[in-house]
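Use the sequences and the hints to build the structure in full.
Chains as they are written, first to last, in the numbering used here: chain A, 1 to 506; chain B, 1001 to 1675; chain C, 2001 to 2103.
I should point out that these hints are in silico values taken from the structure, not numbers from a laboratory. Cβ atoms here follow ideal geometry from the backbone N, Cα and C, with glycine treated the same way. Keep in mind that a hint or two might mislead.
Which residues of chain C face chain B? A few of them, derived with a C-beta cut under 8 Å, are [to be verified]:
#, residue
1, Val2017
2, Leu2019
3, Ala2022
4, Gln2090
5, Ile2093
6, Ala2096
7, Arg2100
Computed cross-link-like contacts, EDC-like style, restricted to lysine to aspartate or glutamate with a CA-CA straight-line distance of at most 20 Å [to be verified]:
#, chain 1, residue 1, chain 2, residue 2
8, C, Lys2091, B, Glu1650
9, B, Lys1162, A, Asp380
10, B, Lys1162, B, Asp1322
11, B, Lys1557, B, Asp1322
12, A, Lys209, A, Glu196
13, A, Lys106, A, Asp464
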Amino acid sequence: MSSLPILSLLVFAPWLGALVLASLGNKLGAKSSRVVGLLSSGSTLGLALVILANFAPAGAGYQFIERHSWISALRVDYHLGLDGLSLLLVLLTGLVSPLCLLASWKIQRAPHHFAALFLLLQGAALGVFLALDFFHWFLFWELSLVPAFFLIKIWGGEGATRAAYQFVIYTLAGGACLLLAFAAIAVATGTFNFTELATLAASGQLAAKLALLGGLWPKVIFIGVFLGLAVKAPLFPFHTWLPATYAEAPSGVSMFLTGIMSKMGVYGFLRILWPLFPAELHAAAPCLLGLALGGVVFGAFAALNQTDLKRMVAYSSINHVSYCLLALFAVAGASNAPAATAALIGALLQMFNHGLSAAALFACVGMLEARSGGRRGIHDFGGVRTLAPLFAGFCGVAMFSSLGLPGLNGFVGEFMIFSGVFGLAPWAAGVACLGLFATALFLLTFWQRVFHGPTGAAVAAFRDLDRVEILTLLPLVVLMVLLGVLPQLLVGLINPLVTTWVSQLP
Amino acid sequence: MHLPVSLVWLIPALPLLAAGIAALAPRSCRTLAAGAAIAAMIAAFVISCLALHTALADPGAKLVANFEWFDVGAGAMRLGWLLDPLTAFMCVMVTFVASLIFIFSTGYMKADANFKQFFCFLSLFAAAMLGILVANSLLLLFICWELVGLASYLLIGFWFHKPSAAAAAKKAFITTRIGDLGLLLGLLWLADSTGSLLFYDGGNGVLEVAALGSLASQVTVGGLAVSTAIGLLIFCGAVGKSGQFPLHVWLPDAMEGPTPVSALIHAATMVAAGVFLIARVYPLMSADLALPLVPLHALTVVAFIGAITALLGATIAVAQNDIKRVLAFSTVSQLGYMMLALGVGSWVAAIFHLLTHAFFKALLFLGAGSVIHAAHHEQDIRRLGGLRGRMRITFATFAIGMMALSGVPFLFSGFWSKEAILHAAHGWQVSHLPFGAALVAVVLTAFYMTRLVAETFFGTARTEETEHAHENSAVMTVPLILLAVGAVALGFLGTPAFPWLQARLLGEPEVHGHPLFESAGLMMLSIVLVAVGLGAGWAIYGRRPRVALDAVDPLAKAAPGVIAALGNRLGFDELYAATLGRLVTAGATVADFFDRYVWGGAVTMLARLGEFAGVVNRENDESAINGGFNVVSESFRDSGRAYSRAQSGEPQSYLRFIATGFVVLMLLVILGGGR
Amino acid sequence: MSPLQLCLLLSSLLFCVGLVAAMARSNAILVLLGVELMLNAANINFIAFWRYGPNPEAGTGVLFVLFSIAVAAAEAAVGLALVIAVYRHQKTIRLASINRLKG
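Here's what the structure looks like:
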C-alpha cells in the first residue's frame, strides 16, 4: 500500500480525465464525454474510500506521505500528505464533484469542454487539500482560478463575464498578497514546507526569524497571508465578489464553488495561518471575531432581502462559512480546552455539512431555473410542492439541514460551534443567535413563496424530478440524515487531530 | 412484567418506524400508512403502560440508560433515556390520546389526497414528542423539541396551497424559534458551567445536587444566580412552545391545520411540552429558592407569565367566533394555568392539570372536528347552531368536555386539577396577584365555553350545510366517547382525598389523603365563580339563542369597542408586525444596503482606482515609451525603403556599384600610401 | 618604359574597354563580350608577370591562362545559354527590361 503513490493518483486522476476529454472530446460525442467526465470525477470518491479504509484514525500526524525533491535550489519539495482534516475535505470533494457534474448533465454547449475544465478545477482543489509545500500548494491554489473563470464566463448567466472577471481579479489580488508574504517567509526561513514552518512557529523560531526582517515586516506578512485566505473563504467584508459569482455561475459550478472552494479558504486558515502565526492570530482575534460575527449576522440578514434565489443561497453560504471562522477565531482568542475542542470539532463538521447542504440548495435552485426557463426570482414561483412533491421533499430536507434542524447534519456542527464559542466568548454566541434566527426566517420565506400557496400559471408545466436529478439529490439527502443521526462517522476521523491541536494550544 | 430502561427508546422508535414506512410507501398505499401509524401508536401505548408499571414499582427512582453519541476530545457527547413516573404518566397519556386521534383522523381525512403524508407527519410528530418525554439529556430533549416544531410546521401547513395555512406554519415556526434560541443559549450555558447535559447521571447530572449547588452559588449579571439565568433562558423555550405571553400569537393561527392536528399537537401534547420541560428541570428552576438575597427567582417569572397568559387567553376567547380559535385561546389560557402552578411551586398540580387538560381539550377539539366535518368545513359558530338534536353523541361528549374545562364540580376531572392549581396559587407567599388573575379566568372560562356550546349546539341551524349535518361514523365517535370517559375518570386519580397521582409523581410510596374540604372556603368560592360564569353565559346566549346569521353579538352591543379589540386579539399581531417585523425588515435592508453600496462600493472604488492607474499607465506607455519605439522603428523602415530602392534588379547598376566601389578602394590604397 | 609596363598598360586599356562595354551596353550578348574582354585583360597580366617575373623557367603563367581560357569558354557557354533562355521567355535581351530579380 505504501508503495503506491495514492495521493498523487488522487490529485492527477481528474486531470488525466481532463486531458482525455480535451484531446478526444470532439470525437466522443456529448453523452460519452459526460460519462467519462463523471467517471474521472468519481475516481476521487473511489480513491478517497480506499484511503479511508487504510486510514489510521487514531494518528494525528500526516499519513500516506509522498516527498520527492523537486527544485533543490529553492529547497522546494513535491510533498503530499493527508490527515483527518484533509481526508474530510477530500471525501467532501469526492462526494460533491460528481454530483456537480450530474447537476450539469443537461448542459448542451460543449459538454466535453465543460467536463474537462471542471475536472481541472477538481484536481486543483484536491491538490490544495493535500499539498504540504507552499510552492505547489500555491500553484494548485491559483490554478483553480483558471478553469473556474472559464466555467463561469462561458457557461454562466447574463452577467457572467463581469462576475467572472470580478471573481478572478479579486481572488488573484488576495493570492498576490499571499505569494508576497510567503516569499518573505521563505527569505527569512529558507523553507516552503508547511510542517517545518509549523514546527518553527511552535518553537517560536519563526517569529524570531521574521523579526530579523525588521520593523513592521512580521505584521505585514501576517496580514498578507490573512488577506489571501480571507478573500477566498470569504471572510466578511472581503466577500463582495461572492454573491455575483455564485449567482451567475452555472448551478453545477456554484455547487462546487460553495461546496469545495469556500472550504479551501477555511482550510488555509486552519492549515497555514493558525499554526504559523498563533501569536498574531491571538492578538487579532477579538477584531476577527467581530468580522466573523459580521459575516454571520450580515450574511443572514442580507439573504433576507434578496429576491434572486441564487444570491440568497450565496449569502446563506457567507453566513455558514462564517460560523467555521467564528469558531476558529474564538479558539485562537481565548483558552478553554473543552470549549476549544467543541468549537474545532464543530468547525470541521460545519465545513463538511455546509458543503453538502449548500450544494444541495444550489442544485435545487438550478432545477427550478431549468424548469422555468432561467427564472429564479423568489416571486416567480408558487405551489411547486403540489406539482413536484418529491422535489419539494428533497429540497425541504436540504433547507432544514441548512437551517440547522436537529436530526439533520447541519445541527451537529452548528451546535458544537455554538457550544464551543459560548465557552470561549459568550457574547459572540449570543449575537450569532441573531444569525440563526434570520436564517430560519429567510429559508422559510423562500419555502413559503416557492413551494407553498396556490399553483401559479408560471409553474403549471412543472414536472417532478427525473432520474438524473434524483441521482443528484438522493446521495446528499441520505447523507444529511445519516450524518445528522450518526455524526460519529465524521467525528471519529477528526477527533484525534482536534485533540492534538487543542493540546498544543498555549 | 417490567420494561428495562434500556428499552425505553422503543416508545419513540415505533412511531418513527411508522413514519419511515409511510414516507417510503407509494402515494396510493393509504391503508398501509394509516395502519402502520395506528399499530405503532397502540404498541407504543402498551409499552408505555409497561413502563408506567416499571416506574411505579419504585416511584422515587430515576432509571437512566446513558450512551455515547460521538467523541469530543478525550470524552464524549452523551445522551440518554430516562424513566420515572413523570415520563411514564406522560407517555401513557400521549400514546393513548394520539392513538385515538389517529383513529379519528382516518375518518376526518378520508377524502384528502395527501392522506399518506398526513400519517407520516403525525407519526413523526408522535415520535419526536415521545422522544422529549423519555430524554435524559437536555440536548436530546432539544433535538426532539425542534423536531416536534418541524412536525408542527408541516402539519399546520398541511393544506399548503392555502396561503393562510402556509403563512401560519411559518409564523408558528419562527415564533417558537425565538423562544428556542433562548432555550439553546440556556442549554449552552448549562453545558458550559456543568460540563454535562444529562439530567441524571449517577450524581454528575445537571439536575443532581452537586451541579445544582454550584449553579446556585455562582452569581452572574445583575446579581442573578447562574441557575436563575439558565432557568429563565430555558423558560424562553417553554414560552415559545407553550404559547405563553408574549409569544402566544402563533397558537391561534396554528388552527389553520387539520382539526386532528389541532387536537393532538396544539392542545393535548406539543404545547404542553413547555410545561413538561419546566417540570422536568424543576430542580434547576427551584434551585435559587433557597437564596434569600437574589433579586429575582426564576419561578416568580414563570408564575407571573402564567397568570398573565391565563387571564389574557380567557379574555380574548370571549370574543372569538371561530370554533377552533375559541378553543385555541382556551388552550393558551389553560397552559397559563399550568405555568402558574409551576411558578407557585406545585409542579405536580401542573402535570395533573396537563394530563386532564390533554383529555378534555383533545375531546373538545375532536368534537369541534366532528362538527366541522359534518357541517362541510364550517367553523364560524354564528353559522352553526342547533346541532344538539342532529349530532347526539358529539353533543354529549362535547358537553362533558366543556364542563370539565369549565370546572364543574366533583364529577369532572378539570375541576380537581384546577382546584389543585388554585390552592397552590392561594398558598403562594410572594404575591396574590396571580391568584386573583386565575380566579377571574375561572369565571371567563365558564362563560366562553357556555357561549360556545350555546351558539353551536342550541338554537336553530342557520345555514343550509348545518341543516343537513348528521352524526359521523363510528371511527370518529368512538374516540370521542373514550376521551369523554377519560375526561371524567382521570380526575379521581388526584382528588385531595386520594392524591395518588401526586404522590407517585413526587416519588412517595404512600398516599396521604386529606379530608375533602381541607380549605372549603376556597373551593366554595371557585364553585360559585364557575356557577357565575355558566349562568352569565346561559343568560346571554342560551336563553335567547341566535336566530339570524348576522345578528349582533349581545356583548358586542353592550361594549362594541372592547369586543372588537378582543376579537382582534388585542392587536398583538399588528404590534409585532409594526415593531419586530419592521425591525427585521430594516435589518435586512440595512445589511443588503451595506453589502451592495458600502462594501461593494469600497471594492468598486478600489477597482476604479485600479482602472485610473491603468489609464495613467496607458497614457504613459503610449506617449513616452511607445512613442520612442515608434520613432526608432520609423527610421528603420525609412532606411530600409531607401536600401530597397537601390536594389533595382538591374545587373548593370549593381555592376556600376561594384566598379565604383573598386575604384574607391583603389584610390584608398593608392592615397593611403600604397601599403 | 619597360616591356612589363607596356604590357600592363595594354591590359589596363583592354580591361577598361571591357568594363565600359559591360556597364554601358544594353544588349546582353555585348555585355558578355565585355566580360570576356576583361577576362582576357587578366590573362595578359598573367602572361606578362610570368614572362618578366622572377622565375620564367617554370610554366606556371601559361598553365593558369590555359585554365582561365577553359573556364572562360565554359562561362561563355553558360552565359549564352542563359541569354537564350531569357530571350525565349522575355522575347528580349535588353538588360534594362530584365529586372525581375529586384527585391
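Comparing the hints with the structure gives:
1. Val2017: 13 Å, violated
2. Leu2019: 6 Å, holds
3. Ala2022: 6 Å, holds
4. Gln2090: 13 Å, violated
5. Ile2093: 12 Å, violated
6. Ala2096: At 6 Å from the nearest chain B Cβ, Ala2096 (chain C) passes the 8 Å test, so the hint holds.
7. Arg2100: Cβ of Arg2100 (chain C) sits 6 Å from chain B, so the hint holds.
8. C:Lys2091 <-> B:Glu1650: Holds, because 17 Å separates the two Cα atoms, which is no more than 20 Å.
9. B:Lys1162 <-> A:Asp380: 18 Å, holds
10. B:Lys1162 <-> B:Asp1322: 18 Å, holds
11. B:Lys1557 <-> B:Asp1322: This hinted pair holds, its Cα atoms lying about 19 Å apart.
12. A:Lys209 <-> A:Glu196: 14 Å, holds
13. A:Lys106 <-> A:Asp464: 16 Å, holds
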